[in-house]
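**Q** Once you've looked at the hints, go ahead and assemble the two chains, each given alone in its own frame, into the complex.
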Amino acid sequence: QDNRISIWSAGDVGNVGLNSECQGEPQLLCDIRHDGDVMDMQFLDQERIVVASSTGTVTVFRHHQTNQTLSASLRWEKAHYHVDQDTSCGGAACTGVICNKPEIVTVGEDGRINLFRADQKDAVRTIENADSSTLHAVTFLRTTEILTVNSIGQLKIWDLRQQRNEPSQIFSLTGDRVPLHCVDRHPNQQHIVATGGQDGVLSIWDIRQGTMPVSLLNAHEAEMWEVHFHPSNPDHLFTCSEDGSLWHWDASTNISEKPSFLPQGGRSTTYFSHSTVNQSVVSAWLNNDPAKDHMEITNLIPNQTLSVNSLDVLGPCLVYGTDAEAIYVNKKLFA
Amino acid sequence: QVSILSAMELIWNLCEILFVEAAAAGPLLLHLLDWVRLHVCDVDSMVREVLSSENPSKHELFWNVVDIFVLQGRMDEARHLLSKEASANPASVNMYRILDDLMKKMPVPSLGNAQTLTEMELKWQHWHEECQRYLQDGTFASNSHMESICKVLLGDEDAILEKKELMTTWYHFLVTRLLYSRPTVKPMELRFYAQAWDRIPFLFPTSSMDLFLGGESSPEPLDTILMAAFEFEMHQVIKECSIALSNWWFVAHLTDLLDHCKLLQSHNLYFGSNMREFLLLEYASGLFSHHSLWQLGVDYFDHCPEYGRVYLELHIERIPLNTEQKALKVLRICEQRQMHEQVRSICKIMAMKALRNNRLGSALSWSIRAKDAAFATLISDRFLKDYCERGCFSDLDLIDNLGPSMLLSDRLTFLGKYREFHRLYGEKRFAEAARLLLMLMTAHIAPCSFWMT
Numbered sequence: 001q002d003n004r005i006s007i008w009s010a011g012d013v014g015n016v017g018l019n020s021e022c023q024g025e026p027q028l029l030c031d032i033r034h035d036g037d038v039m040d041m042q043f044l045d046q047e048r049i050v051v052a053s054s055t056g057t058v059t060v061f062r063h064h065q066t067n068q069t070l071s072a073s074l075r076w077e078k079a080h081y082h083v084d085q086d087t088s089c090g091g092a093a094c095t096g097v098i099c100n101k102p103e104i105v106t107v108g109e110d111g112r113i114n115l116f117r118a119d120q121k122d123a124v125r126t127i128e129n130a131d132s133s134t135l136h137a138v139t140f141l142r143t144t145e146i147l148t149v150n151s152i153g154q155l156k157i158w159d160l161r162q163q164r165n166e167p168s169q170i171f172s173l174t175g176d177r178v179p180l181h182c183v184d185r186h187p188n189q190q191h192i193v194a195t196g197g198q199d200g201v202l203s204i205w206d207i208r209q210g211t212m213p214v215s216l217l218n219a220h221e222a223e224m225w226e227v228h229f230h231p232s233n234p235d236h237l238f239t240c241s242e243d244g245s246l247w248h249w250d251a252s253t254n255i256s257e258k259p260s261f262l263p264q265g266g267r268s269t270t271y272f273s274h275s276t277v278n279q280s281v282v283s284a285w286l287n288n289d290p291a292k293d294h295m296e297i298t299n300l301i302p303n304q305t306l307s308v309n310s311l312d313v314l315g316p317c318l319v320y321g322t323d324a325e326a327i328y329v330n331k332k333l334f335a
Numbered sequence: 001q002v003s004i005l006s007a008m009e010l011i012w013n014l015c016e017i018l019f020v021e022a023a024a025a026g027p028l029l030l031h032l033l034d035w036v037r038l039h040v041c042d043v044d045s046m047v048r049e050v051l052s053s054e055n056p057s058k059h060e061l062f063w064n065v066v067d068i069f070v071l072q073g074r075m076d077e078a079r080h081l082l083s084k085e086a087s088a089n090p091a092s093v094n095m096y097r098i099l100d101d102l103m104k105k106m107p108v109p110s111l112g113n114a115q116t117l118t119e120m121e122l123k124w125q126h127w128h129e130e131c132q133r134y135l136q137d138g139t140f141a142s143n144s145h146m147e148s149i150c151k152v153l154l155g156d157e158d159a160i161l162e163k164k165e166l167m168t169t170w171y172h173f174l175v176t177r178l179l180y181s182r183p184t185v186k187p188m189e190l191r192f193y194a195q196a197w198d199r200i201p202f203l204f205p206t207s208s209m210d211l212f213l214g215g216e217s218s219p220e221p222l223d224t225i226l227m228a229a230f231e232f233e234m235h236q237v238i239k240e241c242s243i244a245l246s247n248w249w250f251v252a253h254l255t256d257l258l259d260h261c262k263l264l265q266s267h268n269l270y271f272g273s274n275m276r277e278f279l280l281l282e283y284a285s286g287l288f289s290h291h292s293l294w295q296l297g298v299d300y301f302d303h304c305p306e307y308g309r310v311y312l313e314l315h316i317e318r319i320p321l322n323t324e325q326k327a328l329k330v331l332r333i334c335e336q337r338q339m340h341e342q343v344r345s346i347c348k349i350m351a352m353k354a355l356r357n358n359r360l361g362s363a364l365s366w367s368i369r370a371k372d373a374a375f376a377t378l379i380s381d382r383f384l385k386d387y388c389e390r391g392c393f394s395d396l397d398l399i400d401n402l403g404p405s406m407l408l409s410d411r412l413t414f415l416g417k418y419r420e421f422h423r424l425y426g427e428k429r430f431a432e433a434a435r436l437l438l439m440l441m442t443a444h445i446a447p448c449s450f451w452m453t
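Quick note, the sequences are listed as chains X and G, same order.
The first sequence maps to residues 1 to 335 in the working numbering.
The second sequence maps to residues 1 to 453 in the working numbering.
Keep in mind the hints are simulated off the structure, nothing from the lab.
Even for Gly, the Cβ is constructed at its ideal location relative to N, Cα and C.
Each hint should be verified, as a subset may be incorrect.
[Said to hold, decoys possible] Cross-link-like lysine-lysine pairs, in silico, DSSO-like; alpha carbons within 27 Å at most:
id: 1; chain 1: G; residue 1: Lys-186; chain 2: G; residue 2: Lys-163
id: 2; chain 1: G; residue 1: Lys-326; chain 2: X; residue 2: Lys-78
id: 3; chain 1: G; residue 1: Lys-58; chain 2: G; residue 2: Lys-151
id: 4; chain 1: G; residue 1: Lys-105; chain 2: G; residue 2: Lys-163
id: 5; chain 1: X; residue 1: Lys-78; chain 2: G; residue 2: Lys-353
id: 6; chain 1: G; residue 1: Lys-151; chain 2: G; residue 2: Lys-164
[As the list claims (entries may be wrong)] Residues of chain X clear of chain G, computed beta-carbon distances all greater than 10 Å:
id: 7; residue: Leu-70
id: 8; residue: Glu-109
id: 9; residue: Asn-188
id: 10; residue: His-191
id: 11; residue: Leu-306
id: 12; residue: Pro-316
So that you can see chain G by itself, here it is in the shape it has in the complex (with noise of 0.2 Å):
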């Protein structure tokens, strides 16, 4: 049972060797024997057991070992464990030696380039009709488990298959295979390997897949979507793993790098600029709906050159603020986008909240915020209804204290002037008032209302 997120990383992996890295033939089958090794067996509790053990070879999963080792490519490993029977068992020195001279021979694609690809396949091909000669002349007859190795080296399928419990999945087989009867496989040549062929079933070598389940059980997801990438249909992964995943982080993200690497033809879906934006743009909406999560999405929008910016505008408005020092975030955000219709909106629900909750101060602020006048001329009216039915102000701390802001309406610089002429009266300075008063009215500021009284 593969967890989501092992299997994540192992289709990433392979996604990384076949289309970012572009591995050529050669280093192609170095990488997947690392991934391999990586991400599909888990061999070293095994392998501690065995070596801990008071006596290797004689541990009854010495052999396995060795068999994962060797169909791992890991031929030291090998060897070293060997000898270990070959001292423990002098009458099998003999078989020893030629086996173990024979993994050290063995070739390999080298990632510089010390060789050509041509060397390469002359120097496999002389030790491979090598091996075939010992294994014919019977050297290894004796030992089963080292005749069946010998077998593994010669890319016999059958002896392969055997082992299928110690390789576990049909993909650890394919490499294997590869290893052992094409290492200098070519990047287009994989689909050949892992795809069925029935049609022409004598030209081309069954798949491994089929081989591997033997037709019982059917692929699953994973097995889809990995064939899909050892085929070279970038389209295909994505679009497999847009279904089996429960949610787009996965996909986004590769669509994305693929994208950087320049793999993906850009062919304009009829929603959403082309394929990466498209799968962008609905993992950040998705983002938008988490309580927390929306200040990711953000900056993803950022990322979407089309359509990343309206997206932002529809979302953004649309976030519940419970708090002020939430609103205060998106503000922000809004304001270094310069979203100003967003800003005069949010200051605006803001305002009015307060304005509803009788916060009057609170509801001046917002709108001082959004240098929205228009508001700040409703509280103004707010405030002189207030007066004029009561006949007192309510919140001086406010209106005594308003600052350049008092100019922000001609309402509101009314109702701080007004104020003033109030307490000027109230302190008897009343020619300063009466002169205060007189300017009120000359600069035609006051609205109708107040003409009357």
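Bound-form chain X, shown alone (with noise of 0.2 Å):
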């Protein structure tokens, strides 16, 4: 297996007119050997990327812009493992990296919440057996605290200035236990979080009251992969899935029209079910009287045909990534 990290530039995006059509496809600035698959990787600043492997390593790699290469600038191995019970250590797949400069946090599938910071080579802290089951992804609430959300639908904070190695508050989906797969959180409002499951359900909660959602809505047919809000239009939602899919979610309520059930050249404004809990807020995201706001709801990919595995969104670009070995790119996203 060859896994490989690059980095790919994806044309000026101010540049139009009549070099628009020659804009063409990304083009390749820079890779290098991975060990084991890439299970999550982000930004840490303008030159370095922490990248989660299958084997459980994390590895901070930095981009030269200069000459364009990259290189692993600090490693930590084993910072997910299995302790079996013949005593042997197995590497756990690393399943989620977040981070918030200059601190990293790291889940995977031991169960285990690593914190670490970009210059020191031994983990700050590490909440051992943090989860029975495995924990699939992980997003700042605050600068102190994190949400997870595991394999039997449940999300969890976690404030790390406290040192008990226990949560500080659960809270878990109604009715069947379903993995939940991805979580953000709502960028100007910090109580809002969006999370998605395995049988690729959008659930939005409230994390000030109760420990339920606020709201279920009905998506994808298979597991939903990665949420995100944009990060400046926070109105506006996106989620991809293993049935190939990729939906933007429009909740800025400003649609006069009657909603056709038609499709109409690949958009459709569709009514949903969902359950509502409380009524109290001002975010369209809770805002949920079925008469009077509809979501539009689009599915950006015309054709699908494989899993769509991740997506990351910023100002009016939407870069994606299928199983099918391709990654586009839209840079005109709002147009």
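**A** Right, here's the structure in full:
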């Protein structure tokens, strides 16, 4: 197996005009070999990328912009591992990584949470056996608190200032404990959290109240791998799934015309079934009166085939990757 | 040296012309000419060089380019170049005019129904005789180039063979011969022009390949494959390709195409229902040994009606599952095809792995996915054993939050309720605790080992 970390240039964003037809495909700038599957990765700062591997190793790569090369600058081997009954250590996949410079938090199939700092060789803190099941994803709630989701349908808040190895709060799905695969927090309103499950359901939570989700939205037909709020337009949410689709959820309630159930060139406005628990708030995500607002949901992939494993969104750009060995770049997201 | 990809394109295109489109006499030659122009010679660089020079007709490659145009039946381009020679060399204007006229008048098969084959053959016969007359009159005697072009137009084998270096391959030679000696060739006659027929040499023309190679070199695999195609031996083509190429990709897809055109008689093979399915199964099985292409293999198996499902069931259980994410993808494929046995088996493998690594929550999660009550019982027993040994529960986050999955197995329900009893006891809600304990005992879901305490 030859897995690589690659950096691509997707062309100048501001270069419109006669040259727009020649902009063409993303160009490969540099790459480097990676041991094991890349499970997750994130930019730590302008030059460094933290990568989580299926071998349980977490590596920090540095991108040298002057000569366009990548090099491994720091590596935490066996950040995640299993100790089985024969007391031999095997690697456990590291499933999620999140950065808030200089801190890096990783979670894995071993149920362990690690806190690293970018300049320190050893882990700052490790919460052993934080979870009896696999932790699928992690994100920062506040600078000292993190959110994790696991494979028995629980969303947990951990306070890193406290020394005890217990979550400060546990939320669970109603009904079946379907595994949760991804989590993201609203960029401005920190009490709003979105998670995606193995059954493709998008759940919106208000962590100030209750232990159950505020709404459950039937979306995909298979595992939802990633969910992201748009960082500067948080009324827009993006989810991608094993069923090969990528949904753009638009909750900015400025739709005046009647919705139609007829597909119009790839877009469809649909009503969805959701259960509401409480109704106190201002955000478009928590306000669920079906008579008043309807979300516009668009599938951004015209002919879907294999799974969309990962996506990211920034400004007018959307990037996603599929099992068909393809990367797609959309630079005119809100056009 | 023809790269493998260009060789494949060459073979594929020829099969399309001969088998799939099944071009009839007339259009057949036009398609073959296109095939030759596209695949065989790369003339463009030579042409560009000549045309961009200051004095094209004086360029050393000038006549080569004109010759190759004629050999490929590109009359307009040849005439265009010749006009440059005429303007540069006024002495030969007469000769040029006659040659140009002959080339312009040459009858070619039409794609539409503008003329029947017989009409065309008649016209062609007249034209052929006219060329013959001019040659015999010595019209072109003073210019050897033009004379040899006229001989080519007449289909003179030796004249054509002189330009061997330009044509580079025997199949180019074959098509050129046909163009100038039998433009209305029928598909079934191709084999006689292509293959050797030593027994009756005076009746049939000798093999293009032998003439071209001059008996010096032996045919290469590509040559044998193309020869088999010209002879319309489809099975032979498939067999030769299978031998020559290192993987099944080309053969599987070609056979699939031919099968869809209903061209292969389905004689059942001993293993794997018919040739198309056999080859597709082989190809897909090969994909499964690849670390990421196995997902494509699934689609191929889906299209094999008889044995596809069985093959898929066997292969899918053997994919190495190094991460949970990969296991989930495999499970999704199984569930979409109602392969329940495989779902249970894979979930059991993952659950056992989790159990061995002491990840009880993960193990439970896998048994819930497979709705495996027996395994859930096993896990609960593990918990209870731990409790008996240590006096307290491990992984409280799991047991306290079981929810409806508690009902998957009796033992699991007991575990959840027993923990609840302990909690109530700890909160000093004794009446409720006692009621719960009584209910547990009367409901007979406590394991026997617990009755003792």
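**Q** Where does the structure disagree with the numbered hints, that is, which hint numbers, in rising order?
**A** Violated hints: 8 and 11; rest satisfied.
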